[in-house]
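Chemist: Protein chains in written order, with my numbering: chain X, 4 to 113; chain H, 1201 to 1315.
Since the hints were made in silico from the structure, they are not lab data.
Remember, predicted model here, so these are calculated numbers, not experimental data.
Incorrect hints may appear among the rest.
Said to hold, decoys possible - When the alpha-carbon atoms are kept at most 35 Å apart in a straight line, the in silico DSBU-like pairs for lysine-lysine are as follows: (1) K1257/H - K29/X; (2) K1257/H - K1211/H; (3) K1217/H - K1257/H; (4) K73/X - K29/X; (5) K59/X - K72/X; (6) K73/X - K59/X; (7) K59/X - K1257/H; (8) K73/X - K1257/H; (9) K72/X - K29/X; (10) K1215/H - K1257/H; (11) K72/X - K1257/H; (12) K59/X - K29/X.
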Amino acid sequence: SQQGEEDPQALSIQEGENATMNCSYKTSINNLQWYRQNSGRGLVHLILIRSNEREKHSGRLRVTLDTSKKSSSLLITASRAADTASYFCATILYGQNFVFGPGTRLSVLP
Amino acid sequence: GAGVSQSPSNKVTEKGKDVELRCDPISGHTALYWYRQSLGQGLEFLIYFQGNSAPDKSGLPSDRFSAERTGGSVSTLTIQRTQQEDSAVYLCASSLASGEYNEQFFGPGTRLTVL
Chain X
4 SQQGEEDPQA LSIQEGENAT MNCSYKTSIN NLQWYRQNSG RGLVHLILIR
54 SNEREKHSGR LRVTLDTSKK SSSLLITASR AADTASYFCA TILYGQNFVF
104 GPGTRLSVLP
Chain H
1201 GAGVSQSPSN KVTEKGKDVE LRCDPISGHT ALYWYRQSLG QGLEFLIYFQ
1251 GNSAPDKSGL PSDRFSAERT GGSVSTLTIQ RTQQEDSAVY LCASSLASGE
1301 YNEQFFGPGT RLTVL
């Protein structure tokens, strides 16, 4: 598997439900970032979690990090149709190169 | 500036032609990144500029790809002798400084179609 690999690849839920996406990585990291992409265009930074943090919140977003399992999860609570997007985790590899996973495509149905 | 801008937003070209894609980063951002994203796929790192340092070109897929950054601001990604497999969305991002603790701000991308 590649560095920063998200699962599931695709997720469909009803509005109001919670959505959970996972990211696994291979190498040790100092932090992990989550991004959102709408309509195949530019990405928007959502949240950064440092290696010494286990959980972080931002509005309806909750990110966890388990460095022992080399995994992170992004939880979106009370989802809305506007949350429909692709979600990517990103880590640093070999210095300054960000490595983005293939993403999870989330569809929130009204 | 208001954000990272890229031009053109769409580019259709014929196989074998050269194309130039432009990126205007946020003013004051010293780090600039280029990525490529094929349909439904993740981001593929291409090249990274940090200040006046030599760029990290380790992600460029072939010698047909090159990029420059003039005056530490605007960047141009050039693809020579385009091939159909070059069709993708090319994304540019900038950050205040290099390093993994810095958020990347992305432009809207240039959708390149090679016929």
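Chemist: With reference to the structure, classify each hint as holding or not holding.
Modeler: Checked hints:
no. : hint              : result
1   : K1257/H - K29/X   : 23 Å, holds
2   : K1257/H - K1211/H : 23 Å, holds
3   : K1217/H - K1257/H : 22 Å, holds
4   : K73/X - K29/X     : 7 Å, holds
5   : K59/X - K72/X     : 17 Å, holds
6   : K73/X - K59/X     : 16 Å, holds
7   : K59/X - K1257/H   : 34 Å, holds
8   : K73/X - K1257/H   : 28 Å, holds
9   : K72/X - K29/X     : 9 Å, holds
10  : K1215/H - K1257/H : 24 Å, holds
11  : K72/X - K1257/H   : 31 Å, holds
12  : K59/X - K29/X     : 21 Å, holds
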